[in-house]
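First residue of the sequence shown: 10, per the numbering used here; consecutive thereafter.
One or more hints might be untrue.
[To be verified] Here are the computed distance ranges between Cβ atoms for each label pair: (1) 96 x 15: 14 to 22 Å; (2) 143 x 15: 31 to 39 Å; (3) 117 x 151: 16 to 24 Å; (4) 157 x 15: 23 to 31 Å; (5) 91 x 69: 18 to 26 Å.
[Unchecked claim] Heads up, simulated SDA-like pairs for lysine to any residue below, C-alpha to C-alpha not over 20 Å straight-line: (6) 104 x 114; (7) 104 x 122; (8) 104 x 116; (9) 104 x 127; (10) 104 x 14; (11) 104 x 78; (12) 104 x 133; (13) 104 x 92; (14) 104 x 132; (15) 104 x 65.
Source of the hints: derived by calculation from the structure; they are not laboratory data. Glycine included, C-beta positions come from ideal geometry on N, C-alpha and C.
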Amino acid sequence: MTLLHVSISAAAPERVARALAQIMGGRALPFPPFPDSWIAFAAADDGSAVEVYPLTHRVVAGHETIDCEIGAPEEAPTFCHVALASPLPEAEITKIARAEGWQVRTCNRGPFDCVEVWLENRLLIEVLDPGMQADYRANMTAENWAAMFGM
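Take the sequences, apply the hints, and build the full model.
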């Protein structure tokens, strides 16, 4: 399985998309299908992307396809998060997050390390530099998971 894209919400979608594009080594562009939305493409330009919508937007099942409802901002914390691969080293990822004023720290998750980037100090993105990605791929397997938790 490969995750192709993910959607998140932000108070400042353009700013968040531009920072994510930097972290992913790619490019941020407006997302015209929905108002005031942006998309951050990864460096590989293979379709891997993060769509960034305003906190006021909700995706809903429309009559024939998805639709966008606009309402009160949803700012509550969520358990939903995503891990992203970055071509940048840990120090550069940290520098970008700090420049945005976001909480950032390097953490050990057991089978892998990651840089916790808290977008707008609200939404968790686990960013893995190239070395962290190698550890993730080597250690984050069903077999290793079962062994780690005695299953």
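For each hint, the structure was consulted:
A hinted range of 14 to 22 Å for the beta carbons of residue 96 and residue 15 is consistent with their spacing of about 18 Å. Against the hinted window of 31 to 39 Å, the Cβ-Cβ separation of residue 143 and residue 15 comes to about 22 Å, which falls outside the hint. Range check, residue 117 to residue 151: Cβ separation about 20 Å, and the 16 to 24 Å hint holds. Checked against the hint of 23 to 31 Å, the C-beta distance between residue 157 and residue 15 comes to roughly 26 Å, which is consistent with it.
For residue 91 and residue 69, the hinted distance range of 18 to 26 Å is satisfied, since their beta carbons lie about 21 Å from each other. Annotation: proposed proximity of residue 104 to residue 114 holds, straight-line Cα distance about 11 Å (limit 20 Å). For the hint pairing residue 104 with residue 122, the CA-to-CA distance comes to about 17 Å; that is within 20 Å, so the pair holds. Between the alpha carbons of residue 104 and residue 116 the distance comes to roughly 16 Å, so the proposed pair stays at or under 20 Å and holds.
A threshold of 20 Å between alpha carbons decides the hint, and for residue 104 with residue 127 the separation of about 13 Å falls inside it, so the pair holds. The straight-line distance between the Cα atoms of residue 104 and residue 14 is roughly 24 Å, outside the 20 Å bound, and the hint therefore fails. For the given pair, residue 104 sits about 35 Å from residue 78 by alpha-carbon distance, which is inconsistent with the 20 Å threshold. A threshold of 20 Å between alpha carbons decides the hint, and for residue 104 with residue 133 the separation of about 17 Å falls inside it, so the pair holds.
With a CA separation close to 18 Å, the supplied pair residue 104 and residue 92 stays within the 20 Å bound. Between residue 104 and residue 132 the alpha-carbon distance is near 18 Å, which keeps this suggested pair within the 20 Å criterion. For a cut-off of 20 Å, the pair hint linking residue 104 to residue 65 is broken: about 29 Å separates their Cα positions.
The structure shown violates the earlier hints numbered 2, 10, 11 and 15.
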